[in-house]
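S.K.: This is what each chain is made of:
There are 2 protein chains.
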Amino acid sequence: MMQTHYSSQLLERAVTEINRLPGIGSKTALRLALHLLRQDEVKVEALADSLVAMRQGVRYCRVCHNICDEECCEICSNPTRDSHMVCVVEDVQDVMAIENTMQYRGLYHVLGGVISPMDGIGPSDLQIESLVERIRKGGVEEVILALSPTMEGDTTNYYIYRKLEEFDIKVTVIARGIAQNDELQYTDEVTLGRALAGRVPFGK
Amino acid sequence: MMQTHYSSQLLERAVTEINRLPGIGSKTALRLALHLLRQDEVKVEALADSLVAMRQGVRYCRVCHNICDEECCEICSNPTRDSHMVCVVEDVQDVMAIENTMQYRGLYHVLGGVISPMDGIGPSDLQIESLVERIRKGGVEEVILALSPTMEGDTTNYYIYRKLEEFDIKVTVIARGIAQNDELQYTDEVTLGRALAGRVPFGK
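Protein chains in written order, with our numbering: chain A, 1 to 204; chain B, 1 to 204.
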């Protein structure tokens, strides 16, 4: 990248810090910094404070490991949720995505990733043992595996499935098939093959 | 936009604040917030501090109104710069753009905008009077107008030109023509017309 001449070290430092954010290039960083320079001081402080307060204050639910502000997240502590079902997801964004569907009333278990030997992530780096402990305590009737349909996701699914074999519970995996509004002819063969193999009675 | 379910108010507040930045949508804001959650606390504090420090500390050069950390910017206070030339620009990003060309060794004058009746910006909202005062003090031999080639830029150029008529100095405007690597057939007629009218001897 071309060397930019900053006339202010304070501006340069802010641009450098903003530029560290993923997906924010140096031009965008400069644009954002100059935007903030034009804002009221209280607005810039509100932004800065919200970031530090979040980083310092956010906690992880001791039951499901979702992010929350208390010891226990509002899903786990909500008595109207169905505590017989636990949906296993990779991270907190997946919880948000499923909550947004408004189709699920059970609880969650956030693994914090998937098994990926290439990235040096093994089962012990994830919240798998705490999931097993949760099932061992009883009360859960179904574990829904909702990891990404990748090789790492499949590996993790299988690892969890084996770990839960000893318990008398149902282990299910979310349906894989052709996405809504996708064109059949452009669907990859693995997805299409699985969609055929996983066909269900029409009208259900 | 669909309502997102945040399990943490601290996260939601940070996402809301990041989302206020221009060009940062709610999905990007969430992605950035979750990225910051995974960073060391000191890194998040460094980012937050750089923003507040910039907003509180940045000053405007009392001579050219470029942003700087001192009373006078490093261009104005640099004795090796040619103080006989003053280049008039709209904002600080234009100073950076011209500095990046490494083709200019004179000084600047940052107007802080252009005359735009539509946006309620008149001559008195810009640093035009201070430019006239600067010229009145003597020592400047050429004023280079380097505003954007828009109607507002042209209006401002003309206003400044009239204001400077009383002084015995050269007033120039940066060349307008076809941009490097642009295709002639796709160049708009105003640009092409001006490029023809402003033709220069070949080989110069």
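Note that these hints are calculated values from the structure, not bench results. Don't be surprised by glycine CBs; every beta carbon is placed ideally from N, CA and C. Each hint should be verified, as a subset may be incorrect.
Claimed, not checked - Computed spacing ranges between beta-carbons, pair by pair: (1) B:187 / A:40: 39 to 45 Å; (2) A:38 / B:191: 50 to 56 Å; (3) A:182 / B:42: 43 to 49 Å; (4) A:175 / B:22: 36 to 42 Å; (5) B:42 / A:195: 47 to 53 Å; (6) B:119 / A:79: 52 to 58 Å; (7) A:179 / B:148: 54 to 60 Å; (8) A:169 / B:23: 43 to 49 Å.
As the list claims (entries may be wrong) - With a cut-off of at most 16 Å between alpha-carbon atoms, the simulated EDC-like pairs for lysine to aspartate or glutamate come out as follows: (9) A:27 / B:49; (10) A:27 / A:40; (11) A:43 / B:49.
Said to hold, decoys possible - Examples of chain B residues lying across from chain A (beta carbon under 7 Å, computed): (12) 5; (13) 7; (14) 11; (15) 14; (16) 21; (17) 25; (18) 26; (19) 52; (20) 66; (21) 144; (22) 145.
S.K.: For every hint, state whether the structure bears it out.
M.R.: Status of the hints after comparison with the structure:
For residue 187 (chain B) paired with residue 40 (chain A), a C-beta distance near 42 Å keeps the hint of 39 to 45 Å intact. Taken as a hint, the range 50 to 56 Å is violated for the pair residue 38 (chain A) and residue 191 (chain B), whose Cβ atoms sit roughly 30 Å apart. Separation of residue 182 (chain A) from residue 42 (chain B) is about 45 Å and conforms to the stated range, judged on CB atoms against 43 to 49 Å. Checked against the hint of 36 to 42 Å, the C-beta distance between residue 175 (chain A) and residue 22 (chain B) comes to roughly 40 Å, which is consistent with it.
Restraint check, residue 42 (chain B) to residue 195 (chain A): a C-beta distance of roughly 48 Å satisfies the suggested window 47 to 53 Å. Checked against the hint of 52 to 58 Å, the pair residue 119 (chain B) and residue 79 (chain A) passes, with Cβ atoms roughly 55 Å apart. Under the hint 54 to 60 Å, the C-beta atoms of residue 179 (chain A) and residue 148 (chain B), about 45 Å apart, miss the expected range. About 47 Å separates the C-beta atoms of residue 169 (chain A) and residue 23 (chain B), a value consistent with the hinted range of 43 to 49 Å.
With a C-alpha separation of about 21 Å, the suggested pair residue 27 (chain A) and residue 49 (chain B) falls outside the 16 Å cut-off, and the hint is violated. Pair hint residue 27 (chain A) plus residue 40 (chain A) does not hold up; C-alpha atoms about 22 Å apart against a cutoff of 16 Å. Taking the CA atoms of residue 43 (chain A) and residue 49 (chain B), the gap is near 14 Å; set against the 16 Å cutoff, the hint holds. The restraint placing residue 5 (chain B) at the interface with chain A holds, with a minimum CB-CB distance near 4 Å, inside the 7 Å limit.
A least Cβ separation of about 5 Å between residue 7 (chain B) and chain A falls short of the 7 Å threshold, and the interface hint therefore holds. The criterion of a C-beta within 7 Å of any C-beta in chain A is met by residue 11 (chain B), whose closest approach is roughly 6 Å, and the hint holds. Proximity of residue 14 (chain B) to chain A holds as hinted, the smallest CB-CB distance being about 4 Å (cut-off 7 Å). With 7 Å as the threshold, the beta carbon of residue 21 (chain B) comes within range of chain A, its nearest partner Cβ sitting at about 6 Å, so the hint holds.
The beta carbon of residue 25 (chain B) comes no nearer than 12 Å to any beta carbon in chain A, farther than 7 Å, and the hint placing it at the interface is violated. With a cut of 7 Å, the hint placing residue 26 (chain B) at the interface with chain A is violated, because the nearest CB-to-CB distance is about 11 Å. With a least beta-carbon distance of about 5 Å to chain A, the hint placing residue 52 (chain B) at the interface is held under the 7 Å criterion. For residue 66 (chain B), the interface hint holds, the least distance from its beta-carbon to any beta-carbon of chain A being 5 Å, beneath 7 Å.
Because the beta carbon of residue 144 (chain B) sits about 18 Å from the nearest beta carbon in chain A, more than 7 Å, this interface hint is broken. Checking residue 145 (chain B) against chain A: minimum C-beta separation of about 21 Å lies over 7 Å; hint violated.
Consistency with the previously given hints fails for numbers 2, 7, 9, 10, 17, 18, 21 and 22, ordered from lowest to highest.
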